Amino acid sequence: MMSHTGLGDIWVYLSASPLLWLAATLVAYLVGVWIHVRTNRSPFANPVALAALFLVILLVVTDTPYPTYFNGAQFIHFLLGPATVALAVPLWRHRADVRRGAVPLAIALVAGSVTAAASAVFIAHALGADRQTVLSLAPKSVTTPIAMGISETIGGIPSLTAAMVMVTGIIGAVFGPLLLRWLKVRDDRAKGLSMGVAAHGVGTAVSYTLSPLAGSFAGIAMALNGLITALLVPLLLALLL
Amino acid sequence: MVGALATLVVCQLIGEIMAHGLHLPVPGPVLGLLLLVAWFAWRGGPDKTMGTTADVILSNLSLLFVPAAVGIVQHGQRFMTQGPSIVAALFGSSALTIAVTAYAFLWADRRFGGKAASPANEADGHDPFDTDTDIDTDSGRAS
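Note that the protein sequences, when read in sequence, are chains L and B.
Position 125, counted from 1, in the first sequence is what numbering that gives the first Met the number 0 calls 124; the numbers after and before it change by one each time, with no gaps.
Position 68, counted from 1, in the second sequence is what numbering that gives the first Met the number 0 calls 67; the numbers after and before it change by one each time, with no gaps.
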């Protein structure tokens with residue numbers, strides 16, 4: 000009666016355990032990084048986008064619900080909080096740059112935060128997206144944990160917001176550096192700031208590949224954009240909708 | 000390493016307690032970040048292990064976004080029906096945001112800023128996945 004303990008049983012056991020999806024996430028990411036390096040770091044081969052694509056295909060093919068997947072992947076997801084706190088280190092190292100550029104930094108951050116939220120709401124609303132979609136889009140440029148909180152406060156769908164945030168991050172990571180080159184922006188501080196405001200942590204990760212200074216400014220922009228958006232979005236929505 | 004991780008998690012915890020206890024619109028991890036900066040200001044900077052730990056975490060930041068990105072599978076239906084307006088909003092808004100932020104900073108920096116702090120393009124071709132190249136010379140100065 001050997002056939003009873005076949006591959007099917009092993010699958011049933013493993014697919015319910017967090018280990019499988021934790022391992023799958025790490026392997027998918029490593030494959031994404033490998034492809035990214037192999038394509039000479041082409042922005043189109045973004046490791047997050049590739050890893051997510053592989054995992055989405057895997058979940059659909061094996062008919063696995065997202066909560067089962069997240070049960071394993073949550074161990075990685077959890078580290079987003081400590082990683083946000085860890086941004087204090089590059090912020091501290093570049094404190095002189097930040098202090099010197101404090102006024103331009105504040106002006107750029109407010110302009111960027113308002114543009115990010117208002118333009119997303121305006122475009123989606125004008126093209127006929129429903130109210131819940133529009134509200135879920137408003138905090139799309141803010142880092143995931145903050146964006147989900149804002150979405151909940153204003154009446155959006157937090158998990159939909161999380162998905163929008165990720166797509167936004169990947170769009171910014173892929174097209175941001177190209178757009179900045181096209182706009183002839185050469186200042187690393189300006190590059191990092193715009194990537195951090197538009198594409199939160201994914202943009203910050205890409206900015207570190209431009210230079211440590213760009214990465215630090217992206218990290219600062221991401222953190223402060225979260226604060227500003229949390230304060231401004233409820234006000235903006237009252238004006239726009 | 001463990002000490003540095005504990006510091007990060009405790010800062011986040013205090014941040015969460017403050018955010019929920021005082022009903023602040025600011026998320027806990029962001030308050031944790033501010034607390035840690037205040038701690039560095041008091042202590043004269045991060046110690047060597049904190050510097051290394053933060054560098055290791057931040058140079059692998061991309062990995063941490065993968066689980067949330069996979070969450071898109073839950074919203075296939077909505078992306079099917081409202082896809083064009085969502086995609087237009089995300090692309091249009093991202094491009095506008097990058098352009099407005101970068102130009103606002105460059106304008107304001109000329110108008111109000113001091114001298115440029117550091118030369119641009121200090122490290123072209125920097126490798127984000129190689130943790131050894133990312134360590135700032137500034138780390139460990141107060142160990």
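The hints are simulated quantities; they were obtained by calculation from the structure and are not laboratory data.
What you are looking at is a predicted structure, and each value in this text was computed from that prediction instead of being measured.
Honestly, I wouldn't trust all of these hints.
What the hints assert, rightly or not - If you want the footprint, here are the derived chain L segments under chain B, 3+ residues with CB under 8 Å:
1) 9-16
2) 55-65
3) 83-91
4) 107-117
5) 131-141
6) 168-181
7) 225-237
Said to hold, decoys possible - Heads up, incomplete: computed chain L residues facing chain B, CB under 7 Å, no partners named:
8) Val47
9) Ser158
10) Val201
11) Ala204
Note that beta-carbon positions come from the ideal geometry of N, C-alpha and C, so glycine has one too.
Hints and how they fare:
no.	hint	result
1	9-16	violated (count 0)
2	55-65	holds (count 4)
3	83-91	holds (count 9)
4	107-117	holds (count 6)
5	131-141	holds (count 4)
6	168-181	holds (count 8)
7	225-237	holds (count 4)
8	Val47	holds (5 Å)
9	Ser158	holds (6 Å)
10	Val201	holds (6 Å)
11	Ala204	holds (4 Å)
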